[in-house]
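> In the order they appear, the protein sequences are chains A and B.
No gaps in the numbering here: position 6 of the first sequence is 42 in my numbering, and each next residue is one more.
No gaps in the numbering here: position 112 of the second sequence is 148 in my numbering, and each next residue is one more.
For the record, the hints were derived by calculation from the structure and aren't laboratory data.
Some hints could be false.
The list treats identical chains as interchangeable, and a pair is accepted whether it falls inside one copy or across any two copies.
What the hints assert, rightly or not - Capping the alpha-carbon separation at 25 Å, the derived lysine to any residue pairs in SDA-like fashion look like this:
#: 1; residue 1: K43; residue 2: Q69
#: 2; residue 1: K43; residue 2: Q150
#: 3; residue 1: K43; residue 2: G143
#: 4; residue 1: K43; residue 2: F153
#: 5; residue 1: K102; residue 2: Q69
#: 6; residue 1: K102; residue 2: T77
#: 7; residue 1: K43; residue 2: D55
#: 8; residue 1: K102; residue 2: G58
#: 9; residue 1: K92; residue 2: Q69
#: 10; residue 1: K43; residue 2: T152
#: 11; residue 1: K102; residue 2: D142
#: 12; residue 1: K43; residue 2: S86
#: 13; residue 1: K43; residue 2: G58
#: 14; residue 1: K92; residue 2: D142
#: 15; residue 1: K43; residue 2: T57
#: 16; residue 1: K43; residue 2: E154
#: 17; residue 1: K92; residue 2: A40
Residue strings, one per chain:
There are 2 protein chains.
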Amino acid sequence: MEIAYAKAGGLVPAIVQDDRTGEVLMLGFMNEQALAETRRTQEVVFFSRSRNRLWKKGESSGHVLKIRDLRVDCDADALLVRVEPVGPGVCHEGYRSCFFRRIDEDGQAEVVEQRTFEPEQVYGPEKKG
Amino acid sequence: MEIAYAKAGGLVPAIVQDDRTGEVLMLGFMNEQALAETRRTQEVVFFSRSRNRLWKKGESSGHVLKIRDLRVDCDADALLVRVEPVGPGVCHEGYRSCFFRRIDEDGQAEVVEQRTFEPEQVYGPEKKG
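With the hints as extra help, turn the sequences into a complete structure.
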């Protein structure tokens, strides 16, 4: 099938959802090569906009995301990846999900989840992965 | 708080998730004004890239999305909106979720959900909303 990569400069957003709990864990972007690698390895590979290269989730932390289901939306310009996450969390700040902050009524971001791991022990001087 | 709109040309992806079931319903984009309108009205307002204007979800179908929780990710460049959806589905093709197709092993898109409404009866000659 054709994915509408061109619509957003070659990248489509890919939502990562825990297949067991339904929790939305993070959002990344994939280009054609990242999706091909994701499908080939059955583990999530993004295209990192900041590093401008393919980025296998878990490449430094070991917290890989095993594919359980792969969906595409009606316009073929967004992906939903249901995964089995390996490890205590996907977020480089030490949380299970990157969406650990609520925007409250005053527009302030408030942390509403508990840390599940110490990022320094997992990433060392690196920030992500 | 500051949302990183600049990172992707003024728009951030906003994941819409059913607050009750956990099902991911769709992905849209918001600019600063769309997020402000979403917060003010407590119903989802996107910025439509194809129409180049604010787009209140449900403006033609009546299938509005009532805000139940609003989250921002670690990098402040993606939103997660948990909603109570009004009506039988959010997808203009007649499904509860826009992610009604699986990408199978051969890379083909396969419909794996049941239609929940007849789009022609809801949208008439219009295609979305």
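> Which constraints among the numbered hints does this structure fail? Numbers only, ascending.
Violated hints (numbers, rising): 2, 4, 7, 10, 13, 15, 16; every other hint is consistent with the structure.
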